[in-house]
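> Protein chains in written order, with the working numbering: chain A, 1 to 230; chain B, 1001 to 1392; chain C, 2001 to 2210.
Derived by calculation from the structure, the hints in this document are not laboratory data. Please note that a few of the clues may not be correct.
Dumping the calculated SDA-like pairs for lysine to any residue here, alpha-carbon to alpha-carbon at most 25 angstroms [what the hints assert, rightly or not]:
1. A:155 to A:121
2. A:62 to C:2199
3. A:153 to B:1279
4. C:2105 to C:2203
5. C:2190 to A:52
6. A:227 to B:1041
7. A:227 to B:1055
8. A:62 to C:2206
9. C:2043 to B:1041
10. C:2043 to A:155
11. A:62 to C:2053
12. C:2190 to C:2175
13. C:2105 to C:2209
14. A:227 to B:1226
15. C:2190 to C:2087
16. C:2111 to C:2156
17. A:227 to B:1279
18. A:227 to A:202
19. C:2150 to C:2084
20. B:1218 to B:1046
21. C:2190 to C:2172
22. C:2043 to A:52
23. C:2190 to A:81
24. C:2043 to C:2024
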Amino acid sequence: MTHWPRNFLLATSLTVLPAAASTPAQRGLMVFQQVCSACHGLEHVDYGDMSSLGLSTDEIRKWAADQQLPNGTDDNGDPKTRPATATDPILSPYPNEAVGRLANHGLLPPDLSRLALTLPGGAGEIRQILLSYAPAPAGVKLDEGRYYNTALKWKHIGMPPPLQDGMLTYPDGTQATPAQMAGDVSAFLDWVAHPHQAERRRIGIYVLAYLALMALLTFLLQRRIWKGRR
Amino acid sequence: MTSPLKTPDTDPRGWFERRLPVMSLLRREYVAFPMPRNLNALWSFGAFLIVTMVFMVASGLFLAINYTPDITQAFASVEAIDRQIPSGWFIRSLHMGGVTMLFACLYIHIGRSLWYGSYKAPRELLWLTGLGLMLMVMVTAFAGYVLPWGQMSYWGATVILNAVHAIPLIGQPLSELLLGGDTLGNVALHRLFVLHFTMAFAILAAIALHVAALHVVKSNNPSGIDPVSPSQTLPFHPYYTSRDGFALCLFLMVYAGLVFFLPDLLTLADNYVQANPLVTPRDIRPEWYFAPFYAILRAVPSRLGGLLLASGSLAVLFVLPWLDRSAVRPATRRPMVRLSLPLAFAAFILLGIAGMHAPTPAWLLASRVAMAWWFIHFLLVMPLASEREMSS
Amino acid sequence: MTQSETPPSSDGTRRRDLLATGTVVLGCAGACALAVPFVESLKNPAATPLSDRLLHVDLSSLTPGQDMTLRWRDWPVFIQHRTPEMLAALQAPDHLATLRDADSKVLQQPKDATNWHRSVRPEYGVLIGVCTHLGCVPSFEKPGSTPEAKGGYFCPCHGSHFDAAGRVARRAPAPCNLPVPPVTFLSDTKLRIGHSAGDPGFSMSDIQQI
Ligand code: HEM
Ligand code: FES
């Protein structure tokens, strides 16, 4: 709501780009795959949805096949798993909430599907949080599993600093600095939180053009009909 | 042109007409129908409302095809519509943007009727069917907002159902009927889903009633004086069809702007967090179209009082044709109303803005002043103005 | 209220007609375009190439003459381990004469199953168990269970007969052979349903009748 001027500018400037997302979001997907997905899921997003980010069918199939999903129980009642497919959701790595909390000092890593929309400050705030870790100043004592982070109101967060310099290699040669990765992954999460946005704007331009033409035609028509009638 | 009713039975049109005279009915009511010559753009909003309702019903049907009314799946099914169903994002945006367009048009349509005195004799029933429509649209919008089962759905519905519960006498049975359980859960979600689409079709029927009433008493006009001779009117087609067509294109451009470029402008982001009965969002607000009434609810330091005044703010509209006894229709020709009514409009807008802000003392004060003016205008100024006009 | 209300000048009228017709035609075109996303939303999402789910099957416990039924993409899938007698019966000339489409000319199977046994390996048959008549599930006639049973399928709904390779008998109401899904043998006893190494471009939506 508070972002509408920015959104409006984006809306009018981005429509000339192709429907596929720009490269920061694609690099951000790599960061998600290799870093964030260790703790977070995108449970409303399917692997196959990545095709509109520019991933090929094979890349999607391969990524999905590397992930295991719960698949009922075997004859002994023990949980079974199966490889994910393109139409499966990108689930959290934890089979349930209790396991997720147990692994994170009682806190559950939130799902990221809509985080860039629901977090006040949006994608910019995600980037800010990722870059605002610092050693706790003298005198500040944090509970176990809490990390000093100046982006938050209470100056601490339950997520350990996830990004380290050079922790991954971008295929396009971009240097994987924390600032680079934080920017990329927040671009990716912004893309995820606004499904079909590029397509929406592209089609919107055509719809507006059509309606403008219709407005012109109907304006001429009604002026002709009303001539000398007022 | 000879009437098809008089042609021999060998003419298929004549044969049909004598058995089911729809063509002549359409001709009479939508082609030759006499309209005042001097209507302005505010008379196009009724057409916008009909078109928006058509969009709402069409998109609603296709959403219902993919929606699951179950508290464990509702949120995910809506996410799937936005993400995986082909063109689902478009259909959903059409529905969500449509609500905003519908309420905006409703409020302007009502404002037009207030300004030009269209509620006065002989149009009282037209006015009342319109107000009935507004209440139906409100109930439908409330029920629909619960369906995605986000945080705002859940807590908005909780607050409203508790408000219903607090109504003396009928409140408790009514809220229990809607809830069907101890708290908001699966049973309530099912009931609200059924209520939502049943009301949508009931609205279509009520629109037919509203338009039928319009065609009996005919349109008012900015001068407030009904045309007396045919030379003062023009046939609906092609004069007003072409003008409404042009206006509709402009209207659809605004609608499309909302759907394609600003889908998040008027929605509350918290509703993209799945409902959690254990955590109330810190910043709970209604959608903009309910904000004026929400502001009244908050501005009154008593639960029952707030409910009474919020519903009273609508109730005054129902009795308005009898509060305002003057024969003069448009506010432009009534000095007192010309001052007081714009202030009442401003009060409504101010209440809406206040309802979307945190209840700081300043906003509470503004709400109270605005609310007071709303009631003063309808309950004091209108009877007084008509008294004075009638005696002079 | 009548024709006299329209502007009298003849060339004015003509221009208006062009304008009026053009506006109405364009308006209708817009309305039709608006219907496209609505129709699109009704498409079967499982019909996209991405959604060919893979199912891995272990055949080691399936002895010759046995059959099993699995679920794949909500369809019943029949897998049979054929005996030499069943294979011989599939090739008998007087049997072939009773079939509607003995050479699998209709596209009801991937390329690597377009052969006399309608499967990748002759000794295993994999079929989608949906009758091509009106969609019932045929039942397997285990070889030797009755004097005529040669390991074919019989549909109880309207009496269609299929042989062990899923080829439909001419006297039956069903028009086509049973569909064959795309499969790949990963080893002698490991089968993957959903993708065919011999016909990688094949998708279930290519099948003519299912
Ligand atoms: C879904 C809701 C509604 C629809 C579809 C609708 C539709 C229409 C239409 C098509 C007209 C004729 C065109 C025009 O004058 O704008 C009309 C007239 C009118 N409507 Fe509505 N309406 C709705 C709600 C309301 C409401 C809520 C009210 C007031 C409480 C109302 C009061 C009137 C009045 C008084 C007129 C006659 C106005 C005049 O001629 O001055 N309507 N309506
Ligand atoms: S459905 Fe199988 S024979 Fe009719």
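> State for each hint whether it applies.
Hint check:
Distance check on the hinted pair: residue 155 (chain A) and residue 121 (chain A) sit about 16 angstroms apart at the alpha-carbon level, within 25 angstroms; holds. Pair hint residue 62 (chain A) plus residue 2199 (chain C) holds up; C-alpha atoms about 19 angstroms apart against a cutoff of 25 angstroms. Between residue 153 (chain A) and residue 1279 (chain B), the direct Cα distance comes to roughly 19 angstroms. Compliance with the 25 angstroms bound is thereby established for this hinted pair. For the suggested pair residue 2105 (chain C) and residue 2203 (chain C), the alpha carbons sit about 17 angstroms apart, so the restraint of at most 25 angstroms is met.
Distance restraint check for residue 2190 (chain C) and residue 52 (chain A): the Cα-Cα separation of roughly 34 angstroms exceeds the 25 angstroms cut-off, and the hinted pair is therefore not satisfied. Distance restraint check for residue 227 (chain A) and residue 1041 (chain B): the Cα-Cα separation of roughly 17 angstroms lies within the 25 angstroms cut-off, and the hinted pair is therefore satisfied. With a CA separation close to 33 angstroms, the supplied pair residue 227 (chain A) and residue 1055 (chain B) exceeds the 25 angstroms bound. For the suggested pair residue 62 (chain A) and residue 2206 (chain C), the alpha carbons sit about 24 angstroms apart, so the restraint of at most 25 angstroms is met.
Only pairs whose Cα atoms come within 25 angstroms are accepted, and residue 2043 (chain C) paired with residue 1041 (chain B) is rejected, the gap being roughly 41 angstroms. The suggested pairing of residue 2043 (chain C) with residue 155 (chain A) is violated, with an alpha-carbon distance near 49 angstroms, which exceeds 25 angstroms. Between the alpha carbons of residue 62 (chain A) and residue 2053 (chain C) the distance comes to roughly 13 angstroms, so the proposed pair stays at or under 25 angstroms and holds. For a cut-off of 25 angstroms, the pair hint linking residue 2190 (chain C) to residue 2175 (chain C) is broken: about 32 angstroms separates their Cα positions.
At most 25 angstroms may separate the alpha-carbon atoms for a hinted pair to count; residue 2105 (chain C) and residue 2209 (chain C) meet this at roughly 13 angstroms. A hinted pair counts as satisfied when its Cα atoms are at most 25 angstroms apart, and residue 227 (chain A) with residue 1226 (chain B) qualifies at roughly 23 angstroms. The hinted pair formed by residue 2190 (chain C) and residue 2087 (chain C) meets the criterion: a straight-line CA distance of about 21 angstroms does not exceed 25 angstroms. For the suggested pair residue 2111 (chain C) and residue 2156 (chain C), the alpha carbons sit about 30 angstroms apart, so the restraint of at most 25 angstroms is broken.
Pair hint residue 227 (chain A) plus residue 1279 (chain B) does not hold up; C-alpha atoms about 63 angstroms apart against a cutoff of 25 angstroms. This hinted pair does not check out: residue 227 (chain A) and residue 202 (chain A) have alpha carbons roughly 38 angstroms apart, beyond 25 angstroms. Restraint check for residue 2150 (chain C) and residue 2084 (chain C): satisfied, since their Cα atoms lie roughly 11 angstroms apart, inside the 25 angstroms limit. For the given pair, residue 1218 (chain B) sits about 13 angstroms from residue 1046 (chain B) by alpha-carbon distance, which is consistent with the 25 angstroms threshold.
Taken as a hint, the residue 2190 (chain C) and residue 2172 (chain C) pair is broken in the structure, with Cα atoms around 34 angstroms apart against an allowance of 25 angstroms. Distance hint between residue 2043 (chain C) and residue 52 (chain A) is fulfilled; the C-alpha atoms sit about 18 angstroms from each other, no more than 25 angstroms. Distance hint between residue 2190 (chain C) and residue 81 (chain A) is fulfilled; the C-alpha atoms sit about 18 angstroms from each other, no more than 25 angstroms. Distance check on the hinted pair: residue 2043 (chain C) and residue 2024 (chain C) sit about 30 angstroms apart at the alpha-carbon level, beyond 25 angstroms; violated.
Consistency note: the structure conflicts with the earlier hints numbered 5, 7, 9, 10, 12, 16, 17, 18, 21, 24.
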